[in-house]
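Chemist: If you want the building blocks of each chain, they are given just below.
There are 2 protein chains.
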Amino acid sequence: MDNLIYKHGGNIYEYDKKLVDFSANINPLGLPPVVKKALLNHIDRVLHYPDPEAKELTGCIARYWGIAKENVLVGNGSAELIYLAANTFKPKTTLIPVPTFSEYERASRSVKTKIQFLKLKEGKDFKFNPHTCEKADMLFICNPNNPTGNLILKGQKRIGKIANMIIADEAFMDFLPDQKNHTLIWRAVKEKSIIVIRTLTKFFALPGLRIGYIVAHKDNIKKLKQNKAPWSVNSLAQLAASLILKDKKYITKTYSLISKERDFLFKELNRIEGLRPYPSITNFILIKIEKNHINSGSLTKRLLKKEILIRNCANFRNLNDKYIRAAVRTREENLKLITALKKGLTD
Amino acid sequence: MDNLIYKHGGNIYEYDKKLVDFSANINPLGLPPVVKKALLNHIDRVLHYPDPEAKELTGCIARYWGIAKENVLVGNGSAELIYLAANTFKPKTTLIPVPTFSEYERASRSVKTKIQFLKLKEGKDFKFNPHTCEKADMLFICNPNNPTGNLILKGQKRIGKIANMIIADEAFMDFLPDQKNHTLIWRAVKEKSIIVIRTLTKFFALPGLRIGYIVAHKDNIKKLKQNKAPWSVNSLAQLAASLILKDKKYITKTYSLISKERDFLFKELNRIEGLRPYPSITNFILIKIEKNHINSGSLTKRLLKKEILIRNCANFRNLNDKYIRAAVRTREENLKLITALKKGLTD
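Line by line, the protein sequences are chains C and D.
All the letters of the first sequence, read from the start, carry residue numbers 1 to 347 under this note's numbering.
All the letters of the second sequence, read from the start, carry residue numbers 1 to 347 under this note's numbering.
For chains that are exact copies, the list does not tell them apart, and a pair is met inside one copy or across any two.
Keeping only pairs whose Cα atoms sit at most 25 Å apart, straight-line, the calculated SDA-like set for lysine to any residue is:
| no. | residue 1 | residue 2 |
| --- | --- | --- |
| 1 | Lys248 | His48 |
| 2 | Lys7 | Ile221 |
| 3 | Lys222 | Ile12 |
| 4 | Lys55 | Tyr15 |
| 5 | Lys305 | Arg271 |
| 6 | Lys114 | Leu224 |
| 7 | Lys112 | Lys192 |
| 8 | Lys112 | Pro52 |
| 9 | Lys223 | Tyr6 |
| 10 | Lys253 | Leu47 |
| 11 | Lys223 | Asn11 |
| 12 | Lys37 | Asp16 |
| 13 | Lys69 | Tyr13 |
| 14 | Lys248 | Asp178 |
| 15 | Lys90 | Gln226 |
| 16 | Lys36 | Ile12 |
| 17 | Lys322 | Pro279 |
| 18 | Lys92 | Leu224 |
Hints are computed from structural coordinates only; laboratory data are not their basis.
I would like the entire structure built from these sequences, with the hints used as guidance.
Modeler: Here it is in structure tokens:
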């Protein structure tokens, strides 16, 4: 990356040993078996260009939500779509509640918009209060928010007034069994001022394949399509994604695993002296280090020695070197993390 | 696609039967065996984010050309990189010699540059003559040119004066055994006004995986990186591409196959009454239909009935419905094409 502030978790390539990766928020169930089998059986699909229209996948997504195909646009992960939105609507002013995923800022800078950062307050549970900011052309909102793990937006009715265009990144919404009560997808289909970005990376454990999608009013989809480079979703990604949305078993299994393990991890973290976990409704937990002599950098290093990679949150705007983030993983892995954290804080 | 003019070949998804695809210009040798094996053995790589820096692949490309890593940037096929170049340098005026690959125009329109189309003349072998145009901010040049199949630029010395920024798309340069005498790669490393875009899609038969790269001056690479969405090259693409550049056997086998089959196909096409193939130095041939009652649309339809997909060139600027394009494939497939064309012209 060109700048430290834009460094993310999940970059296992920086290390020369095998690590348990708590830094990327990926479903610990791993690749759905039906997807793995399909990829192995159809590896020759790489011999052909991907369908530039991604017709089959677009249809699957539309059916999954009960919306029209004209309201869906697939892309190379949510990352491509964040840049595409900024590029297409070229806002003059952009509002970004922080701490949050840094690519909103990076994408905004690439279109030279004036950015206003709105600081979410720890004392107010990192909730987003739309009354505290001036109206902007564009608002990027991550809901549930990364790295705070909470729904920062609940009273949906008010949001229409905050910005001319609201880009709601719902990358972690899939982990909520009652996501249908919280997503802005059905409003985005009707209202031209709301665009929802989703990803199949986190919930379906496919970050390496790159698949995301936008749900929006059909006029917005048309505008976005005009600026989009063709073929950005590769053949294998289209194949995999068309299968996974139908895998109901994997979905319910994930709900139950994440809910159980998040509760377990939260309780265990809460019992460790010097750590303060924040309540999360999704698959990762933000943790504050409340010991003077230890910061997020030194703790991350200590855990690395034990083959554990956590997310050092020091480079998030409006956080500092007292914050780390950990994904919710399997019981065995979570226990390993807990043991390592206890040692890391006392050694 | 949003507009017919931007429709490409290779879209096998529009048809519900198995076709021999002469419309996409892909190496008929297919997936290099070493790549197929690696993909099957490492399918679990999709579980992790791709390396955002693509360090290993960038290093392989740099070593392949004997240049520094700082001069290389990988992307999601050449398509992402064409849009990235237009977006990063935001030219006021852009020159595009036509007929050519339509994405230069589409990318240019997305940044609202003023486009000047320079018509390449059939009577002058579709050669590009820089003296016939005014200087522009940006020039897109496809060399060898798609769909004409020739090197439209040879006298390299003069090109510096045509535009402030020359984007040379060398997607088909790999098929020239003497490509080192024609590529602008070594000039691009030194000169800030030249950027070369390459792809691993065509020569290495990987269009479904999406891998391209830019070679440019390190200051240009820095600027481009700042605007690029992260993780656009997926994990499997990075793995495959890191292997193929070392596969010398596949490379020499391709040279010999393409050279032999291109000569064969050209001679056979030339013997068909009513067809005029244009000399090509790469892996496809542009063909003019010289029969009054048959156009490219009707011929394409007739071949489809025989399970053959060719590229109808009617939507290329500065061509019309008398042109088709066909990739050079294996002897068996080329014979099938010849037989079908003969029938298609007379039936």
